[in-house]
Amino acid sequence: MREAAYNFAYLDEETKRMIRRAILKGVAVPGYQVPFASREMPMPYGWGTGGVQVTAACLVPEDCLKVIDQGADDTTNAVSIRKFFQRTAGVEVTERTAEATLIQTRHRIPEAPLSEGQILVYQVPIPEPLRFLEPSETETRKMHALQEYGVMHVKLYEDIARNGEIATSYAYPVKVEGRYVMDPSPIPKFDNPKLHRSSALQLFGAGREQRIYALPPYSAAVSLDFDDFPFAASKAPHDCDLCGAAESYLDEVIIDDAGGRMFVCSDADFCRTRREAGHAGQLAAGEAA
Amino acid sequence: MIEIRALTKSFTLYNQGGAEIPVLAGAALHVAPGECVALTGASGSGKSTLMRMIWGNYLLASGSIRVGDLELAEAEPRQIIALRRRTLGYVSQFLRVVPRVPTHEVVAEPLRVLGVSAPESRIRAEAMLARLNLPRGLWGLSPTTFSGGEQQRVNIARGFVHPYAALLLDEPTASLDAKNREVVLALIEEAKARGAAILGIFHDEAARARVADRELDVTSFTPRQA
Amino acid sequence: MMGKLETMTAAVDAPLLAVDGLTKMYGARVGCTDVSFNLWPGEVLGIVGESGSGKSTLLSCLAGHLAADAGRVVFATRDGPRDLRALSEPDRRRLGRTDLAYVHQNPRDGLRMGVSAGGNVGERLMAVGARHYGSIRDAALDWLGRVEIDEGRIDDRPSAFSGGMQQRLQIARSLVMAPRLVFMDEPTGGLDVSVQARLLDLLRGLVREMGLSAVIVTHDLAVVRLLADRLMVMKGGQVVEQGLTDQVLDDPQHAYTQLLVSSVLQV
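Chains as they are written, first to last, in our numbering: chain A, 2 to 290; chain B, 2 to 227; chain C, 43 to 309.
In case anyone wonders, no lab produced these hints; they're calculated from the structure. The reader is advised that the hints may include incorrect statements.
[What the hints assert, rightly or not] Some but not every residue of chain B turned toward chain C, in silico, with C-beta under 7 Å:
id : residue
1  : Tyr-15
2  : Gly-57
3  : Asn-58
4  : Leu-60
5  : Arg-79
6  : Ile-81
7  : Pro-100
8  : Arg-101
Beta carbons: idealized from backbone N, C-alpha and C, even for Gly.
Work the whole structure out from these sequences, hints included.
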């Protein structure tokens, strides 16, 4: 299956060592952004070059890989990354969350709880949570070092002042183990509670920005908020129209030119597993017909 | 309360070839609590200069000026500031205020810096303005646009709103009508009665004769021109 | 008498800021040299001089924005006197958010232009751990009132404000933590005369009510006459004269001060 011309998982061993060192440091200092020498990958920036390098450094031949983009396994980005590792590493691939040992993701955390031994690799566009208010990299590093995180709350304050509530709905900042403030990548804030004390190892790779950071299993990741405006995970107030799930994150799908729409689980594997188990949503019959 | 000994003062004008202009030599005076001493002498003889030296506005070249327990020749700026806040009042001929600040606040300010509450300061300031017959309609306006006589009364109100132990009065009745002149003279008499030491310059001879216990001709301190 | 009490308290209390031999060189060029002074609680010190006299360099060194080459800047922190130059950066920055404040000449340098007025005022509160939106907003409203900005503007960005309003907002943002010492660099520079007067009045009131000490750098003698208790005149990086503000302006002892005073129309 694997093309012999490539080293296992595309990157050379020295590069993987370098990345593993950065990952280890990230694990040792949860939430801290470790600089690493990001390589040119055979895909453009913004297509997951950071996540791909972290995945490449973590993969072993025994791994079973799952790749999702916005929760789905069959979107272009997910398919091309999965194929990339099939060709260069020859590892087994799956769409089942429970079967995977390593999951690379963009913008979602799977609905099914992860377990010990699993690794979740996030693709990160902008790793710096302070960037919104402080353009200087020198200054943001100093702010992290000195735990000067007042501006993070300024951002939330602005949200409430403008919208009457914290309107930030994705890339919602968390404080890791009471120390570093971290951008969890553009996952919906609905997924934030899943970051907290997860059994899986969570790794974050930003290729263009050359940063790696990590949440070791069971680390605390607390969403920032105000006493009188507590954090609340939110989702569309519907059930999945296919599987009937009430507690999963939904995508809104426009189904005709008359404004007709349906809500479906964004996590494709979660939805399918439920349907296979006999759950059905409002429009499931239509799909069957 | 105010005591001056062997005081000399000269101005050096560096921008005019370093010309040195002596203005006072061997000046000495004493003002006891409850006493009013009037400075006399032709204009230019150094009356205002002497007064401004007691105020700490002009530095002394040599000699001694004591106000209360403070020796001005050795005083640090902050000691002079404290002296001006608590002990020494000065009614000058000029009113210098931040534009836009209403008159009642200008008059209340000496009390505010002493820590008197805003409402009480205002009551006392307005009582003083009323006594000096400044029309109530002007109290809320900045005194910068007032007439000379009105500004003078604002200045006097500022100088008498707090019971200073020592007072310097530079022509306090100069541009006032008879009615207000009478009010100012009464204020001076009351200040004397409560034990204030007052040093004044009065061109108004009748006023001088009425409030001053002694006169002192500063011409005797004018240095002989070399 | 009162005089005696004065002298006694003077002996007991300590300066808020004691500067000794402060020197900053730019290579061979002098920034400021051998500057020494004491600033006492509640005092406002004005620093005047022409462009290039070293007054801004001095202010930057005092505020820790520039590293001085020699000398001491001892600030009476709540934990006792500390040389600001020897302070670690975290401690200095912490002090800069609590007991010290800095008002820039250009409000854009002291404000977050993309953040609402309320957010600007509230930032320091949040920086020291305020986590209740309602009380942060109340504090912001209170401060907008104190600097005479209409409550209805609380959610507007400073870019929508006039220059004078921006400067007042910067002052509110700087003073919200009730600092004990404020550094101001030409706080009324670039404003219309009428707006300047309003700002001066405001500053005077705040200094008095909060018992603030301040160091104000300006080239405007009228500003120091109205705001500063004491005055320091700088030329060529050196302090040529210092004393009571009105004494220095009315009876200047140094040739340069005389020139400076005689160069303005009327102060």
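Could you work out which of the previously given hints the structure breaks and list their numbers from low to high?
none
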